[in-house]
Amino acid sequence: MSKTIERISLGQMSPGTERIISVHRYGQKGARPKAYLQASLHSDEIPGMLAAHHLLRLLDAADARGEIKGEIVVVPVANPIGLGQIVNGSHSGRYELRGGGNFNRQWPDLYDGLLDAVRPKLGADEAANVKAIRAALAAKINQMTPDTEISRLKVELARLAYDADMVLDLHCDDEALMHVYMQPVHWPTFGDIAAEIGAVASLLCSDSKANSFDETFSLPWTKLAQEIGDKFPIPAACFATTVEFRGQADVFDEMASADAAGLYRFLQRHGALAGNPGPAPAPTCEGTDLEATDIVRAPKAGIIAYKAALGAEVKKGDLIGELVDPLADDPNKARTPVRAGTDGLVLSRCLKKLVSPGDGVAMIVGTSKLAHRKPGALLGD
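Residue numbers (our numbering): 1 to 381.
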């Protein structure tokens, strides 16, 4: 058996406290392909952790059979900081309570300085270029000097993932159907991840400008290739995706075990595991530009009463829900309609029902780019 378990300390932010990242490694270090999977960077998004639990059981069995072909790294709890943020019985795992912001935003920019670092080392050999680029990424990470718990978390997770061929960041939405995010350059080669887990939407974006975890590792390759042009061969050598395992309440063994089986087959098909995953599944959705996906926002405060179910096909102007003002003098005038801004599929809805002005209350996956959807604001905070 090849499995090892490593525990990485995040240091102490106050005396007597210490949080640990637990890392499950399979296969030989440096073997290809390398797959990195982590769960619940937003630590109140529990479905990914349960799916990772089931995946570890499958990988343990595969390891016992000698079926690990590449290197597989699994971090079943990617955010022990957020996991402990329980305030008056409520779990707050999306933002760091010390002021560090959204745990899945503003990750280190690994592209900064990369071109200058690798330009003298690039040539006609694609494999040699990949090796040089990965060495430069490692050097950049090794130069980082984190001084807080959250910065140490980001550096340590980056150190685990930077050289992977495949990076899968397991999340969930509020109330949602299964969906994934990835770069257009990796569609449809890696589109089978969507089909394996039954995703109803594959949202494609070259650069959201949010510095999210997945883009931290895929963007250096595509940005470098764009800058270099056709002078030297530079592949999009890191496929990175955010997998949204439905909604926060969808935490069931039956779902999670099926999700893990889909991830396992994906790893088989892309060479990290031995065994026959079966024929590639039929596509469950088309790739959709993220700029065609509308975030429906509340125009005012109130109680959101939904009129469109998840999975509903709607037209622009259709009623999505109504905002109820519980303090209205006349209950017959207490409702404000909330309407779809595009034709498409209702992919997700807000879990909380008392909303404020500007809150996103639904996501609708359309097919035509929307003028108001621009990089920098494509992902909600």
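In short, the hints are calculated from the structure, not lab data.
There may be inaccurate statements among the hints.
Beta-carbon label-pair distances, calculated as ranges [claimed, not checked]: (1) Ser14 <-> Pro233: 44 to 54 Å; (2) Gly198 <-> Pro233: 56 to 66 Å; (3) Pro235 <-> Asp116: 14 to 24 Å; (4) Ala280 <-> Gly380: 24 to 34 Å; (5) Pro235 <-> Ala274: 16 to 26 Å; (6) Ala309 <-> Asp329: 37 to 47 Å; (7) Gly99 <-> Thr367: 31 to 41 Å; (8) Lys209 <-> Gln12: 25 to 35 Å.
BS3-like mimics (lysine-lysine), calculated; alpha carbons at most 27 Å apart, straight line [stated by the list, open to error]: (9) Lys300 <-> Lys223; (10) Lys353 <-> Lys316; (11) Lys315 <-> Lys223.
In this text the structure is predicted, and so the values were computed from the model without any measurement.
By construction, the Cβ of each residue, glycine as well, lies at the ideal position given by its N, Cα and C atoms.
- Item | Broken hints, by number | Going through the list in order, the structure violates hints 2, 6, 9 and 11 and respects the others.
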